[in-house]
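Taken in sequence, the protein lines are chains A and B. Going by this note's numbering, the first residue of the first sequence is number 183, and it counts up by one from there. Going by this note's numbering, the first residue of the second sequence is number 2, and it counts up by one from there.
The hints are simulated quantities; they were obtained by calculation from the structure and are not laboratory data. Here the structure is a predicted model, which means the values were calculated and not measured. Treat the hints with care, as some may be off.
To be verified - Ranges between beta-carbon positions, derived for each pair:
#1 K162/B to K199/A: 27 to 33 angstroms
#2 V215/B to K247/A: 44 to 50 angstroms
#3 G227/A to H289/B: 48 to 54 angstroms
#4 I391/A to K174/B: 28 to 34 angstroms
#5 E244/A to E244/B: 26 to 32 angstroms
#6 K199/A to T182/B: 33 to 39 angstroms
#7 K265/A to T40/B: 19 to 25 angstroms
#8 I391/A to T40/B: 26 to 32 angstroms
#9 A97/B to G275/A: 48 to 54 angstroms
#10 K174/B to K247/A: 20 to 26 angstroms
#11 K162/B to T268/A: 27 to 33 angstroms
Claimed, not checked - One-sided and incomplete, this derived list gives chain A residues near chain B with beta-carbon spacing under 7 angstroms:
#12 M320
#13 T322
#14 F324
Beta carbons: idealized from backbone N, C-alpha and C, even for Gly.
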Amino acid sequence: MKLLKEKVNPLNEINDKFLAKTLEATKILHDRISDLIEGKLDKEGLKGVILCEKECDKLKEEYIKILFKDKKALPFLVEDRYKIITMVDHMTGKNELLARFIRAFPFGIYDDIKEQLIEFNGLYHECIKDLIDCVILMETNFDEAFEKTFEIELDRRTAKKMKYRMFDKLYQKKDNMLQIYLTSKLIAYTYDVVDAAEGISDYLRGLIIKYPSK
Amino acid sequence: MSDITPIIIAFIVISIIIAFAIGANDETFAVTYGSKTLTMKQILILATIFAITGAVLLGEAVSKTVGKGVLSIDLTDGITITVLISTIIWLILSSALGLPISTTHATIGSILGIGLLIGGVGGIGWSKLIELSAWWILSPIIGYVITFITYKLLHKHVINKLNGFQQFERAEKVFALILLTVICWTAFSRSGNDVSNSVGIVVGATEGTIEIGVLLIFTGLSFAAGIVILARTLIKNVGTITELRPSTAFAAQVPTAIVLFLGTLFGIPLSGSHMLVASLIGLGKAQHAPKNKGNMRIVFIWFLTFPMAAICAIILYFPISALVLT
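Can you make the complete structure from the sequences, with help from the hints?
Dropping the structure here:
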């Protein structure tokens, strides 16, 4: 029996919930994009992403309140933690934009880019999962978090190459301008989320270097 | 009451003002500001509490004669008042500019000015002056070196082994606690020491015939007022010499406090202000931090303190002596 219970830090508790919601939004969106590619999208399913984003906003506000008013973190960590949560929230906002876009304009995907898009979608999901892992690791293990940042960088690089390959194929088509435009927007918005994730991982890498364990 | 002469009243007023001037140049809490361990408001509250309690509880027990042996001429009331007033002027001026100086340095500068004016070159106890000067040069060097070494050791054996925000936070909280304890103790003893120095003037003038209890409270309050009114800029300037966290502030402050304590124990006149500033510069160097241009202003005023306090004393000596005689 533990005589001394470890104190639960409300900051960590909210952060965990926030990250879980971000991951949930990403999972829902990933699944709905897969549905869209397969041509069986249920628009209502995208509501989950929007709800998660709203929940994330609330959690972020609560987190910031504790961070600044209740002073549950040391001052030198406040700005770093604040920056991390706002950056992740910004990325979740991009997720919501993508969800709203698909919800407003569901469209068919060209068969010849379906395979690449499935891969691209998987990469998107993987990248965000890596990022969430990295943010969690920042609390307990700088070394592993540092390694994760390189995985995220690699994900983004691969996503970039895939984006241009799909654009190459897409812009050679001339049959349906709206479909071309919407498909390119889908790719661009998805890539934006991956790009935002890499931006956050770069910032985290900087922090790991700043905190002298590297 | 009939024993209270105008000259004693003058000494009482001066002792209260000098306590204010010393408080105004008190940078004890600077690293807690720089490391964001405390806010300015918290610093001012704590500094006030320790200034008053230190003065009242320790003031009576401590006594010290500043400048003993530096002058080869007899001390008169006129000389003492001139030295004190020129020290006050230089202390308040440097505090208003937000620059920390050594109080002893300013006092000796004033004494030197008087000595030269009255007794010429023979009016100065040169051997004592050279001995003191050696320690003024050594103080910042010692501060710089010990902080540099402490930081490197702390970095290698403690900080570098921390992994993740949570471990970091726990360690920094421990450092903050130790730092705060050491600084509160320093503030307490420093107030007791500085206030007793200023009250010691009155004790000297009255040859111990007056009750100093009430005076200790007033000088304590004046010391606290000096911190609250004038020391803010100075605390900010010293606290931001280099980027600080509780652990790095610990590396600068704690070894310095220990060396100062040992210095006091063995009668070595180290300057706390010089040591702390040099420690912070040493810390910046150890952390490979960019150079702070403000540091040059501090070093410049250190060099200026000696001649300026002397000039001030030379200018003030005759008018004050005339006043004392009347």
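*Taking each numbered hint in turn, which are not upheld by the structure, reported in ascending numerical order?*
Violated hint (a single one): 4; every other hint is consistent with the structure.
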